[in-house]
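So the sequence lines, in the order shown, correspond to chains C, H, F and E.
The first sequence stops at residue 449 when you use our numbering, and every number in between is there.
The second sequence stops at residue 449 when you use our numbering, and every number in between is there.
The third sequence stops at residue 156 when you use our numbering, and every number in between is there.
The fourth sequence stops at residue 156 when you use our numbering, and every number in between is there.
To be clear, the hints were calculated from the coordinates, so they are not data collected in a lab.
For every residue, glycine included, the Cβ atom is placed at its ideal position computed from N, Cα and C.
Please note that a few of the clues may not be correct.
[Claimed, not checked] The list that follows gives simulated cross-link-like pairs (lysine-lysine, DSS-like), each with its CA atoms no further than 27 Å apart: (1) Lys44(F) <-> Lys44(E); (2) Lys326(C) <-> Lys326(H); (3) Lys19(F) <-> Lys346(H); (4) Lys44(F) <-> Lys40(C); (5) Lys326(H) <-> Lys40(C); (6) Lys411(C) <-> Lys40(H); (7) Lys249(C) <-> Lys125(C).
[Claimed, not checked] Selected chain F positions facing chain E (in silico; Cβ < 8 Å): (8) Phe12; (9) Leu24; (10) Arg25; (11) Leu43; (12) Val135; (13) Val139; (14) Lys140.
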Amino acid sequence: MYNRILIANRGEIALRIIRACREMGIETVAIYSEGDRGSKYLEFADETFCVGGPKSADSYLRIDQIISAAEVGNVEAVHPGYGFLSENAHFNEVCRDCNIDFIGPTPQAMLMLGDKNTARALARKAKVPVVPGSDGLIEDEASALRVAHEIGFPVLVKATAGGGGRGMRVAANDLSLKTALQQAAAEAQAAFGNAGVYIEKFVEHPRHVEVQMMADHHGNIVHLFERDCSTQRRHQKLIEESPSPSIPKSVRKSLCEAAVRLIQMANYTNAGTVEFIVDRDNNFYFIEVNARIQVEHPVTEMVTGIDLIQQQIRIAAGEKLPFRQKDIECKGFAIECRINAEDPTKGFQPSPGRIESIFVPGGLGVRFDSHVHAGYTVPPHYDSMIGKLIVHQPTRNGAIRCMLRALSELKISGIKTTADFHRKVLSHVDFAEGRIDTGWVERNLMGKN
Amino acid sequence: MYNRILIANRGEIALRIIRACREMGIETVAIYSEGDRGSKYLEFADETFCVGGPKSADSYLRIDQIISAAEVGNVEAVHPGYGFLSENAHFNEVCRDCNIDFIGPTPQAMLMLGDKNTARALARKAKVPVVPGSDGLIEDEASALRVAHEIGFPVLVKATAGGGGRGMRVAANDLSLKTALQQAAAEAQAAFGNAGVYIEKFVEHPRHVEVQMMADHHGNIVHLFERDCSTQRRHQKLIEESPSPSIPKSVRKSLCEAAVRLIQMANYTNAGTVEFIVDRDNNFYFIEVNARIQVEHPVTEMVTGIDLIQQQIRIAAGEKLPFRQKDIECKGFAIECRINAEDPTKGFQPSPGRIESIFVPGGLGVRFDSHVHAGYTVPPHYDSMIGKLIVHQPTRNGAIRCMLRALSELKISGIKTTADFHRKVLSHVDFAEGRIDTGWVERNLMGKN
Amino acid sequence: MSNEQDESGEVFGIARIRKLMELLREFDLNEIDLQDAAQRIRLKRGGIPMVSAMSATGMIPASSAAATSTTKSEDDKNAVFIKSPMVGSFYSRPKPDQPSFVKVGDVVAPETVVCIVEAMKMFNEIPAGISGKIVEVYVKDGDAVDVNKPLFKLAV
Amino acid sequence: MSNEQDESGEVFGIARIRKLMELLREFDLNEIDLQDAAQRIRLKRGGIPMVSAMSATGMIPASSAAATSTTKSEDDKNAVFIKSPMVGSFYSRPKPDQPSFVKVGDVVAPETVVCIVEAMKMFNEIPAGISGKIVEVYVKDGDAVDVNKPLFKLAV
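So here's chain C without its partners, still in its complex pose (with noise of 0.2 Å):
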């Protein structure tokens, strides 16, 4: 096992990360920029090292001064956290060259399921159902309007490089799509400097469905069942929880066995999850494997008792999974909140500021993962996430209930937060009946259709 890593990260989940390694005994080694100079999560690392000033560029993607500061720091390997280098294959090679433990996927891995296309192509042969669509790149405009009359509009025009609904255009017909091809390229172009575009079925109403992954450097794959984030809000997920509440038993089952044929295709080791999309007759597409672990990953701790994080660093450091698939078990109900500084009734504009003050839920099943208190001022240059709130209850009900309990003792002052708008997305009876799609929030909540 490890003594010593560095967290290349920021925020809650650099905090998430400095906990596990404190719980297994391994030292830390935290960085962080001028704009997060002074955060009290800091103090919680055992060496800490300024990477440059508080623009991201500046210093959480700086791969020189990250490297240096892992070899001055003298540690062993280095955790990614989600966001920033994370899936950034060519970080993940140098820490390698540089003889330091990557912890997530190898570069390989990271690549091949990083391109789009590639990881489609990958999926097809596990015999895992993706979304009808141009098998490929698409050439031309002709080829284009070829695969489009196949499949049947409306469909979906993806950047391959893309993310985050960047390089994405719905297109309803012929003339529509001839618009949307040049605009999703040249979106996609300026964004990921690949201008490269394929086609799908547009699946509407579509629910979002993913599957915690975890596999060992010996062969071991386990999945940790599902996760539903259909609660989204222009692609930014808001709500998650697991077990999924809309889905039937038997196509959950395919659906994890489905995530683990892909993760065994790839080679993928370390924590993983499979996304796929759901549509109204329960027909599920995959989506996108992320190579890293995720924001919502506490829902699974939750359901299943595992430390997903501990569990990454065990498997980077060559452990075996210390359970098989039988061995675990999806108990009870977890939600998530993502409780963004962010002011709901001003369009979500981000809401930086000094916390004046703040009341930390707390109670049976209840957890806040969060890196802020009183006097914390959130800095203006990251994220707006300043917490997850995460509630685990024996029933669905009884976890909304709990949530709903815990949002209204969440109160915090000096900034706008997202709180408020979680307790109606939640008392809503389209939440309670798990009719969620990823765009119920845009369609009931924000006055459009």
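Dock chains H, F and E against chain C, hints included.
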């Protein structure tokens, strides 16, 4: 089920009960003293009543004011929490006379078990082992000496109405017994208005193990396994855990079964705790029944997944227990540390005052039940406990490490707390190996023998 | 434990200044002025002493054992409140068909009964506890009141 | 590491002034007036502007863009720091058997190399970035340094 409940308590347990009620959809009426006016947790109640001045005798012990609040507040039941009026059979009776349910046992069961001597007789009837002793109140010195010679020195002189170590004396020979009898009787008369004392064999280096009981009004009785509360300072519990790290499986089984027999014999209903001491040979002896919810109930909640406060309310409202003994599992290991506003470097003297800043620990398996926050002023009028830090992990070693991690995160400035003291205990090899008895803290950490 | 203690040796140290302010308040001072060569700390408080703001009007001190009436400085300096000494239901009149004990504009003496608070089926007559003129009534018949709840505002 | 420590070096740090204002409000004071030689913080409430922080000496602003050397007011007004621009290991000399680039008392020009920071097997020569006289060295050979870590104190 009730629509509205009054909470006849303050601080963390008042908040705990508010939380349970909110999750059950029950409205709450909170009472407060002038010393607690403006406390944030009161905002979570639906209605609040000031019942008097800061001193407990002027407010939280004012049965008249509390009953008035219950009537004006239009509640159907009162939850007494722990301490204050929770084991006051008169208050219990007044509630019922006013047609308000008292969430706890009947006044009869409370009275019967509240008198240690009666409880002891009942235990013997239920074939629950008791510490060898006088089997009744001591009438004169001569009979005390006779009993002492029968059971052998050292012996313990205890007040029949006592609690918390008051009216209690150890005697090692005839001479010290005579003195002890006088002192204990005088102290008991002063403290409880009842000079009755009895004699017991003094068990050296005992462990304190108690069994959580739950009984409904339909004859169903279950135990929720044991808690080990051996880490004490001057008979005050500091750390509690479940399961006990030091008793063999067979002893655990006998212990729990004995507790069930006693509760059944007493016709006891609602939540209660049967306390035992366990000697070095794992013989256990009944000590007393706590006829209320206890401070340390969360450790049982963590290992069983059962919300004890919600269950108390359901039982009082006439519901049947929703589980049978065989349905109750004890999963993993839970530990609780009581966080007191005390200065361990100054003989644990109370340290009331304003909390300037606080960092609340989070993460997997961590629960912090507390009503305090940055800016909260700990009043000097009440118990010094400001919160309970609870962890739950798959292994005991994991729980200890998790607690050490969480304690180190719990940074409170403005007042002194026992957090660092707990770290000393938890880091000790004796704690790791389950070798703590009720005198261990004094012998090992207080510079005394 | 805290950083503030460490910096307390310094003129601009927050911990020291807080301590001084606490002393200022504890001893009810108006000003602290400390000088040592180039160093100076000066703290000032309002022209009028803080707690004695209302004592000029000869009001009953807030520490009187009975909660019946205590004082409070609000918008005007001469206002006093008659507060409820107990939890219960407020009634302005002895019986539903009878007039109110008092109304706005009435002058009351300390022993004047101003209302009833019903608690546990008992009707408790509440005396004013102080002399003055009723200028406002805060509660209606049947309202729930608790300890120290302001019932009437008096001009004294 | 905490905000308080960061502020403690600087008299006019915003965090400190905020603390003072909070104290002013908490203790309901009218004025705080702190002086230490040429430095003064004076906060007033009611009618008069609240903050009037002033400095008799013309100080160099702390917000200079380059990280290599920024200024900081500590005990003396003319101190400037040469800070590390990167994470790495500090070396005071080109090779172990050679003398230090600079030592206390040396006068440096902006382009004077003052040390090496080794990062990823690369030896990066660090220029002073400013003219002045070295009055203190904060790090030893082999010490880990990070971005903006003060390496040298200069009198300018």
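Quiz prompt | List of violated hint numbers, smallest to largest | solution = Numbers 4, 5, 12, 13 and 14 - these are the hints that the structure violates, sorted from lowest upward.
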